[in-house]
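Taking the hints into account, I'd like the entire structure generated from these sequences.
Protein chains: 2
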Amino acid sequence: MTEKWLVGVDLGGTTTKLAFINLYGEIIEKWEITTDTSKEGKNIVTNIAKSIDEQLEFLGHPKGGVLGVGMGAPGPVNLETGIIYGAVNLGWKEEYPLQNIMEAETSLPVIIDNDANCAALGEMWKGAGNEAKDLVCVTLGTGVGGGIITNGSIVHGKSGAAGEIGHITSVPNGGFKCNCGKTGCLETVASATGIVRIAAQAIQSSNRETELAAIFKRNNKVSAKDIFDLARKHDQDALRVIEEVAFHLGLALANLANTLNPNSIIIGGGVSKAGNLLLDRVRMNFLKFAFPRVAKSTELGLATLGNDAGVIGAAWLVKNKLSL
Amino acid sequence: MTEKWLVGVDLGGTTTKLAFINLYGEIIEKWEITTDTSKEGKNIVTNIAKSIDEQLEFLGHPKGGVLGVGMGAPGPVNLETGIIYGAVNLGWKEEYPLQNIMEAETSLPVIIDNDANCAALGEMWKGAGNEAKDLVCVTLGTGVGGGIITNGSIVHGKSGAAGEIGHITSVPNGGFKCNCGKTGCLETVASATGIVRIAAQAIQSSNRETELAAIFKRNNKVSAKDIFDLARKHDQDALRVIEEVAFHLGLALANLANTLNPNSIIIGGGVSKAGNLLLDRVRMNFLKFAFPRVAKSTELGLATLGNDAGVIGAAWLVKNKLSL
Chain A
87 MTEKWLVGVD LGGTTTKLAF INLYGEIIEK WEITTDTSKE GKNIVTNIAK
137 SIDEQLEFLG HPKGGVLGVG MGAPGPVNLE TGIIYGAVNL GWKEEYPLQN
187 IMEAETSLPV IIDNDANCAA LGEMWKGAGN EAKDLVCVTL GTGVGGGIIT
237 NGSIVHGKSG AAGEIGHITS VPNGGFKCNC GKTGCLETVA SATGIVRIAA
287 QAIQSSNRET ELAAIFKRNN KVSAKDIFDL ARKHDQDALR VIEEVAFHLG
337 LALANLANTL NPNSIIIGGG VSKAGNLLLD RVRMNFLKFA FPRVAKSTEL
387 GLATLGNDAG VIGAAWLVKN KLSL
Chain B
87 MTEKWLVGVD LGGTTTKLAF INLYGEIIEK WEITTDTSKE GKNIVTNIAK
137 SIDEQLEFLG HPKGGVLGVG MGAPGPVNLE TGIIYGAVNL GWKEEYPLQN
187 IMEAETSLPV IIDNDANCAA LGEMWKGAGN EAKDLVCVTL GTGVGGGIIT
237 NGSIVHGKSG AAGEIGHITS VPNGGFKCNC GKTGCLETVA SATGIVRIAA
287 QAIQSSNRET ELAAIFKRNN KVSAKDIFDL ARKHDQDALR VIEEVAFHLG
337 LALANLANTL NPNSIIIGGG VSKAGNLLLD RVRMNFLKFA FPRVAKSTEL
387 GLATLGNDAG VIGAAWLVKN KLSL
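As you go down the protein sequences, you meet chains A and B in turn. Position in the first sequence counted from 1, then plus 86, gives you my numbering. Position in the second sequence counted from 1, then plus 86, gives you my numbering.
These are computed hints drawn from the structure, not numbers from a lab. Among these hints, one or two may not hold up.
Identical chains blur together in the list; that is why a pair holds if it fits in one copy or across any two.
Below, simulated DSSO-like cross-link-like pairs (lysine-lysine); rule was C-alpha separation at most 27 Å, straight line [unchecked claim]: (1) Lys-128 <-> Lys-382; (2) Lys-407 <-> Lys-219; (3) Lys-103 <-> Lys-128; (4) Lys-128 <-> Lys-179; (5) Lys-263 <-> Lys-179; (6) Lys-307 <-> Lys-374; (7) Lys-125 <-> Lys-263; (8) Lys-359 <-> Lys-125; (9) Lys-179 <-> Lys-382; (10) Lys-374 <-> Lys-359; (11) Lys-319 <-> Lys-125; (12) Lys-407 <-> Lys-263; (13) Lys-382 <-> Lys-263; (14) Lys-149 <-> Lys-90; (15) Lys-303 <-> Lys-263; (16) Lys-136 <-> Lys-319; (17) Lys-319 <-> Lys-149; (18) Lys-307 <-> Lys-179; (19) Lys-116 <-> Lys-103; (20) Lys-407 <-> Lys-90.
Pasting the structure below:
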């Protein structure tokens with residue numbers, strides 16, 4: 087008998103990740119294609135549908151052996167209508183009926199959710215979440231994203247904006263300007279960009295010839311990686327930058343935990359590759375700011391699925407929808 | 087045919103509220119009894135069971151016409167075992183098997199949850215929540231309590247500590263000491279006690295002969311009501327105290343909304359009786375600190391059920407459990 091496959095799609099602004107995944111959450115085959123955002127993004131869905139068919143043919147797997155497509159998309163999604171909002175960097179209009187178009191192009195059942203939510207579902211199913219029913223996933227990348235699972239389901243909220251952890255206000259007064267229109271968002275101090283911003287501020291306000299300042303002078307910029315590399319060599323200025331980032335992250339995550347008391351808060355994304363250098367300091371602040379009963383029960387940990395979380399979680403959407 | 091009734095119980099440290107409620111959430115009869123915390127609280131459950139039977143007899147309603155008892159209790163509850171933790175002010179041990187004891191004494195099915203969660207369920211069912219699936223309820227009383235509903239269900243979290251909104255850290259450094267062991271909890275600045283504490287600080291730090299200081303000198307204390315009364319007369323010092331409270335509440339509630347994007351955040355409890363004097367200022371801060379998409383969709387409002395929210399929500403637990 088042909089094994090039943092799920093298709094997981096993780097749609098990004100530059101590349102789209104795809105995978106065939108079985109009902110046990112194992113990846114059979116994964117690949118990537120370029121996201122073609124030209125012509126108001128009208129080729130995006132067609133390219134995905136074509137790529138799935140080509141790959142099935144290449145692997146000799148009949149289309150009838152595919153149960154459906156789950157898809158993580160970069161924007162808030164209306165689950166009932168399958169419309170994605172404000173994915174303007176893909177070239178799409180403010181409201182784009184992604185699910186309908188995907189179903190027409192693939193001739194398969196399609197389920198859409200936000201990409202950060204899919205990553206959270208992936209970690210719940212096969213990653214660090216360990217099938218816990220209450221889980222918060224935070225992605226520290228260029229921005230800060232989040233997905234929240236309570237009682238085994240993603241929280242979407244009234245208009246799909248639940249889980250916007252990056253836009254928790256961390257600096258109520260005098261914070262950096264955020265793309266969202268507010269100031270002082272967690273994203274402005276805890277993303278890769280935010281870390282660099284804090285470092286730049288430290289360089290400007292210091293009179294000493296710090297290592298950080300030297301790197302800045304040499305390269306005309308510093309990167310988050312530079313800062314973590316310096317900190318690993320016990321550079322005090324770099325460590326202070328990380329302390330500040332860890333304070334904001336620890337406080338925000340503790341308040342999330344005070345609110346939701348999840349089994350765990352899982353930290354992923356590029357910045358999380360700093361590992362314990364960052365995590366230990368975040369945890370110290372987390373334990374300081376968490377309600378004692380919460381501090382005892384909610385764990386902080388690193389994501390384990392890396393880039394695969396999105397496609398695995400997207401596939402889970404199909405499995406869940408079809409009650410398999 | 088005898089109408090089927092639900093029993094809602096709201097167990098408090100001083101009084102216990104009880105009500106018979108029909109399947110439409112209408113209160114048939116409500117009454118209160120004193121909570122007898124003597125002898126390690128061993129009379130509490132017996133008194134409740136007796137009172138239900140007496141009231142049924144008085145109303146001429148057969149016990150067979152009662153479907154079950156829902157109960158809100160002041161502490162974290164394990165839903166699977168029906169054990170309540172740390173309800174020490176009732177005289178009970180750290181772990182008290184409340185559901186089992188209640189079922190034995192009443193000979194009825196019993197469902198227990200935390201009291202703040204019951205209030206939230208009550209507001210969802212028959213109050214300001216308007217049957218919304220995503221709802222946050224905040225109770226501003228002597229302390230600050232909370233109940234969180236996502237996808238139509240209460241969030242309990244790993245150890246029943248979800249919804250501890252009062253222990254969100256609002257003042258990370260140099261905050262007041264909280265009963266929970268931390269410092270700077272929302273409860274220390276936004277409860278009735280917290281408001282008085284902020285006022286006391288304002289009195290101490292001012293050189294002027296303020297109205298607030300005069301009241302303090304006269305009565306040897308100020309109450310939250312004094313402060314709101316003064317503010318209504320446009321007293322600038324009292325208004326500044328309320329501005330500070332509103333800043334902390336607005337920020338904490340905005341961050342809750344940035345996380346969960348609920349349909350609404352409903353504010354109840356004694357302090358909420360200050361009405362728009364407080365609410366307008368909380369809303370101003372809320373709108374400043376909420377992610378734009380959240381600010382547009384999540385509403386702030388006042389609870390409408392008052393003291394009945396707890397018994398109505400407790401009755402809902404039974405209705406929900408029996409899928410009625």
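Comparing the hints with the structure gives:
| no. | hint | verdict |
| --- | --- | --- |
| 1 | Lys-128 <-> Lys-382 | neither (50 Å within a copy, 30 Å between copies) |
| 2 | Lys-407 <-> Lys-219 | both (17 Å within a copy, 19 Å between copies) |
| 3 | Lys-103 <-> Lys-128 | within (18 Å within a copy, 61 Å between copies) |
| 4 | Lys-128 <-> Lys-179 | within (11 Å within a copy, 65 Å between copies) |
| 5 | Lys-263 <-> Lys-179 | within (25 Å within a copy, 51 Å between copies) |
| 6 | Lys-307 <-> Lys-374 | neither (34 Å within a copy, 32 Å between copies) |
| 7 | Lys-125 <-> Lys-263 | neither (31 Å within a copy, 59 Å between copies) |
| 8 | Lys-359 <-> Lys-125 | neither (36 Å within a copy, 56 Å between copies) |
| 9 | Lys-179 <-> Lys-382 | between (46 Å within a copy, 20 Å between copies) |
| 10 | Lys-374 <-> Lys-359 | within (24 Å within a copy, 33 Å between copies) |
| 11 | Lys-319 <-> Lys-125 | neither (48 Å within a copy, 62 Å between copies) |
| 12 | Lys-407 <-> Lys-263 | neither (40 Å within a copy, 48 Å between copies) |
| 13 | Lys-382 <-> Lys-263 | between (35 Å within a copy, 20 Å between copies) |
| 14 | Lys-149 <-> Lys-90 | within (10 Å within a copy, 53 Å between copies) |
| 15 | Lys-303 <-> Lys-263 | within (25 Å within a copy, 45 Å between copies) |
| 16 | Lys-136 <-> Lys-319 | neither (49 Å within a copy, 70 Å between copies) |
| 17 | Lys-319 <-> Lys-149 | neither (54 Å within a copy, 74 Å between copies) |
| 18 | Lys-307 <-> Lys-179 | neither (35 Å within a copy, 60 Å between copies) |
| 19 | Lys-116 <-> Lys-103 | within (7 Å within a copy, 59 Å between copies) |
| 20 | Lys-407 <-> Lys-90 | within (15 Å within a copy, 36 Å between copies) |
In terms of the numbered hints stated before, the structure departs from hints 1, 6, 7, 8, 11, 12, 16, 17 and 18, listed from lowest to highest.
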